[in-house]
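Participant: Two chains, each in its own frame: build the complex with the hints.
Going line by line, the protein sequences match chains A and B.
0 is the number of the first residue of the first sequence in numbering that gives the first Met the number 0; add one for each residue after it.
0 is the number of the first residue of the second sequence in numbering that gives the first Met the number 0; add one for each residue after it.
Worth double-checking, as some hints may not be accurate.
[To be verified] Dumping the calculated EDC-like pairs for lysine to aspartate or glutamate here, alpha-carbon to alpha-carbon at most 16 Å: (1) B:K196 with B:D305; (2) B:K461 with A:D16; (3) A:K150 with B:E266; (4) B:K281 with A:D16; (5) A:K158 with B:D305.
Hints in this document: simulated from the structure, not taken from any laboratory.
Single-letter residue listing:
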Amino acid sequence: MEDQHPAPHFQLTVASDALILFTTVLQSGIELKSRAGIPMGRFLNELPGFTADYIGDVVQTIFLNGTAIDDLTTPLEGHNPILALSAAMPGLAGAIFRKNSFHSALRTDTKKTDSVDKQQGNLTVTLKLFNSIAQERGLELLKKGVWIKTKPALVFFSKRESLLQKINTIEFEKKTIDTATFLSLLSQSEKINIRIA
Amino acid sequence: MADKIFRVNMADLTTSIEDIPADWAGHGGRGLTSTIVSAEVEPTCHPLGQNNKLVFAPGLLSGTAAANSGRLSIGAKSPLTGTIKESNSGGTAAQLFAKAGCKALIVEGLPKADNWYSLALTPDGVTITEEKELIGQGNFAVVQALENRIEGKHGLLSIGQAGEMRLASANISIKDPDGSLRSCGRGGLGAVMGAKKIKFITVDPKDGKVAIAKPDAFKDANRIFAKALVDHPVSQALGQYGTNVLTNIINESGGFPTQNFTKGQFEGHESISGETMHDTIKERGGKVKHGCHQGCVIQCSQIYNDADGKKLTAGFEYESIWAMGADCCVDNLDHIAEADRIMDDIGIDTIETSVAMGVAMEAGVLPFGDGAGICKLLTEDITKGTGIGRIIGNGAGSVGRAFGITRVPVVKNQAIPAYDPRAIKGIGITYATSTQGADHTMGYTIATNILNVGGKVDPLTKEGQVELSRNLQIATAAIDSTGMCLFIAFAALDDEKCLPALVDLLNARFDLSLTGDDVVSLGQHILKTERAFNTAAGFTSADDRLPEFFYNEPLPPHNVVFDFSGEEIDTFWDF
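Isolated chain B, as found in the complex (with noise of 0.2 Å):
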């Protein structure tokens, strides 16, 4: 089945489907959305008014066997940060995308009558239907409803009350294979979804497969490449503890952002570790190991129970788990794994949200270590859309303003995640210069060793520091295209044929003849893109800045500040 761009206009209701561009062939995942938000969207719109557009585009191993390759990507211009977006997730909607030969869905203007839309894609297009019975419910619902509703196996996209409402920080969820939730959270992407009025979508591929050049080359590299993703040593322990086996490591260091970022330790930190969660979920029946969507052989995500032995969440994330915790000083993991679900369930990013509850704890919204409190108020502000809970729901950036506070943890006023870059310098540097604002996910781990993008300049300078930085970006950004799941670094990084074996599964899916060389070109192309939507949208290197307050507030344990300078954070794009 031939790939194509399927595009919807909600403005008059139509849909068609379009021969890809030959500029866009190449692309997938992050790099086809921000290159269609690039082409389409101008820079200066209103993130929520009729000239932003959201595109969903599965990477360009999604719906194939290969390992870990089921993120789907989803870009706009974001209303949180007003800079370009691409969040990504996994769940089964990339697979089932690319099985519909949907290469890209762009959606649109908005629609001129106040009424709820739902889309339903198959390989003949899209379907726009009125949708009433679920307006104002939260996600969960929506996906029993549907399960109800329609018949066979289908990927499921929906927003929560916050998106409807259009909160800053409302995210777009993605039914996984258990019908849990996965979440593209960051940026307020749901605000946008919300604003073109359409509360969900369903993805029916019918029996339709993605079309592999040379299968067996395919299945060659994927077997290299999934074997170096099981026997890594990170991937056992993302299997064993998740995500949140780094609350013990982070804390130790004297990063791991404590009271509203004032300490870089928390002393309940054991309450909340990776190590307590594993036992908490083996001694309830939950299931430790999880996977996201299918072909995932990590399995960091797991089943988290409540003192009864009942599902409470699924997905429980260390930068979750931190915000909720450390951040606001919450030593008690069923409050936040509560909190979690309420979060999945209104469709409001965990990182933004919970940072900006710490902000307003600052502020004497609640007091810190309150998560009974936190639980009361995501439920009764922020789902209904009270003036405190809006308040919060638009994020760090937004409380700060509110209440008249000054630290506030955000570049380009998204929230910093659970690594304080006054103790872990080198992730300070990608918040700052990110083209989305602060996300620990902008510059991964990618085996830049092996691309030849390790820098040539010494890294223990400032120079080489930030080089090494700007080459983590670029390699991420590459891998942000593929739909691989970021987990894939650790194996990329330690095993030299796993790197090789991700190019060739690349090329055996498209008959291609791709080197690392071309990675490397297509995520220097990548962050170009972006950045110049950015510079159109009106963002300087001024805006490419840690908030002053890590650069003269002390970090204890360590009493360590920020201190690269703004000009030495600039010699970033020099290249």
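Excised from the complex, chain A in its bound form (with noise of 0.2 Å):
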């Protein structure tokens, strides 16, 4: 998963007891660069904490391009495929969309029939973390830095004003700026790469 994008670079540092507040930003989803075809498993694998039982275990929902998933070696492909991670979920709508679940045979088949743009080469993921999922593992991308679109994201600061006041410092091309600079400079791109620790 490489780091392609030419767009704004922001390092936060943030409160430690706010941290987990954050993590709920991924529910919209980061982008990632991979390789087109990498089993969707694989793919996972190659991001920090998800091990083969943490995917097995706790990941209990998978969607991809709004289907569910219970094949781990299903394909990434065809343009900026969408995935979304959940935990277990309930009600029998939960149980019907349950990885390999008893109930998935009450799914409407939405497998889109025309084929997939097989492209070579690079492709960029959407990865969309849910619930504990986020909380769980959302922490360690945070650190490493991820790439997000500066609409959610506005959309994000401007419902949790407070978290702005969590933020100790924020970093630009090696430059601090406050709060009103980085939310001026979120409106003037399409997506950003962010770090926060």
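Facilitator: So this is what it looks like as structure tokens:
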């Protein structure tokens, strides 16, 4: 998974007790470069903390382009596949969408029948982390730095103004900036790389 | 204390205590309310008339120390659907009914005078008292007034203005341990209570206790049962994010009904998701975890504060947030919470009313996304009973008929909840065939595999899918009789010790020798009893259908339609 985006980089230092609250930004998705056709399980294995056991036992609900997935060998291909991960969910719907669920027969078939573009080389995957998956694995990703779209990030910060007060420093191009400048810069780019530690 | 049937006749304002008929002895909760309604209510009666009866029944395990056993069932003929109806809720009442030795409270008849009353239930019987002070008041005022009026701990069931106006979406509210409200929300049972001119019911068990036939066996079974619940990952997710943890998932699936069921994804979903709600609650000093009844070990409820840190609402559920959120395109969680609080106060079903708002928005009554407008409409129109308030308060079907809207998401006139059946077709079968109108809780996930009702037909065929849905409904009907919260379903599904422990709890409570097969038989009996009532009330297989638009309006983003034919759906009842 390579960093090939020509976009602004920000580094945020945050009060330790508030770090976990920043993981919710991952519900909107982060962008990761990978190899076209890579099996989903291998793609996840390359992420920090996503061991085979964690993927097998904890990641109980997986959507690829809005379709529930049971098979971790499913390849990631096409233009910007969107992968969403969740823990086990309640309700009949939660059971229906659970990986290899007894109730998966009650799903609607939403697999696209048109052929997927079998591109070669790299592709960009949007990875959404929901609920406890974001809390348990999000911090490591945020510390490493993630690519996020600025539109949902701006919504995230606008709905959680108090989080901005938990930021001790913001670095941009080796300079310290204030939160107002940070938000202004966010609105000027489509996507950014953000590290939060 | 031997359980009894408590009966109130509002026509002559008399009460009695009766022995339990042998046919009713093995029932509790939904099984008992449906059995009594079927036995005593003329199916063709007017739901708000003198011949309908309102039945309250704690579950078979309510009042005991069994984990998550605090659900109270309320049944009647529904003014919303015209079918038999059972709606259950947490709160403190189920435990207190059981401790008072009340197996069921049956309220019948209509008062002759134009007076309002309250009922006070104790082990000695029911007292009827004329009520004047609290008429016209919301549920929160009733809770507060009775805290001042009555000494000691008591259970409380009440109706708000919606019930007094006999609106078809009116619910019956039940006080929870913190003085917040839980709702027997669906089907308009609050209107039946309003028709009988009962503003509230208090329950005081005095020093009553529920007898356990085999206490040691009960304790052992409960230990296993509770551990299975606590350890299950779904229980943990529910405790952290509440049921609203589903928003992101269902939106991702494309089955999150949006803008009056015209889309399957809501752009503003992240602003109302369980994750966002969790952070907001923590930031504002609310409670992320909260139990709606004593003995709940899952604690999926929460206290949601406003921006100033004051309690705004409690028990903020996924279905309510979806309905007021995505279906009405409101992405402001505070507006949704405020609407939730108002609906709790006036005593009206959050699902039915919000879906009705979505239909009203399509009709141009107010714009999609207008959260403040919704709150104003609730306060100034529904609470005060204006013309438009009554149209919306009578449900989504009422709005559709009043404004000539054809996209009205109802089955048997009850609003379809938060899972679009085009994108999640298994739920569509439940919506269509439920004896009580569209209801996601009718076919929950209760260990159909362990109960050996998991289906013998290939589940990938439509026949197999209908069979699976049927078996879910059978198992759910049985669990609804125990007083157990449906969220035990997930542990029961995955932990092989959980469901046997539940059966052991029943056996220890009553000194029985039930097996899993008996649980299945009970569920089948309940469904058949309810179906027979509906048939006698005039319902046919033609009523077991989804609205036309689900078949011919593809749902974005997957562009799917519901594709079960009437003949395929009708095989549901082949058992």
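Participant: Decide, hint by hint, whether the structure agrees.
Facilitator: Checked hints:
1. B:K196 with B:D305: violated, 35 Å
2. B:K461 with A:D16: violated, 51 Å
3. A:K150 with B:E266: Holds, at roughly 12 Å.
4. B:K281 with A:D16: This hinted pair holds, its Cα atoms lying about 12 Å apart.
5. A:K158 with B:D305: holds, 13 Å
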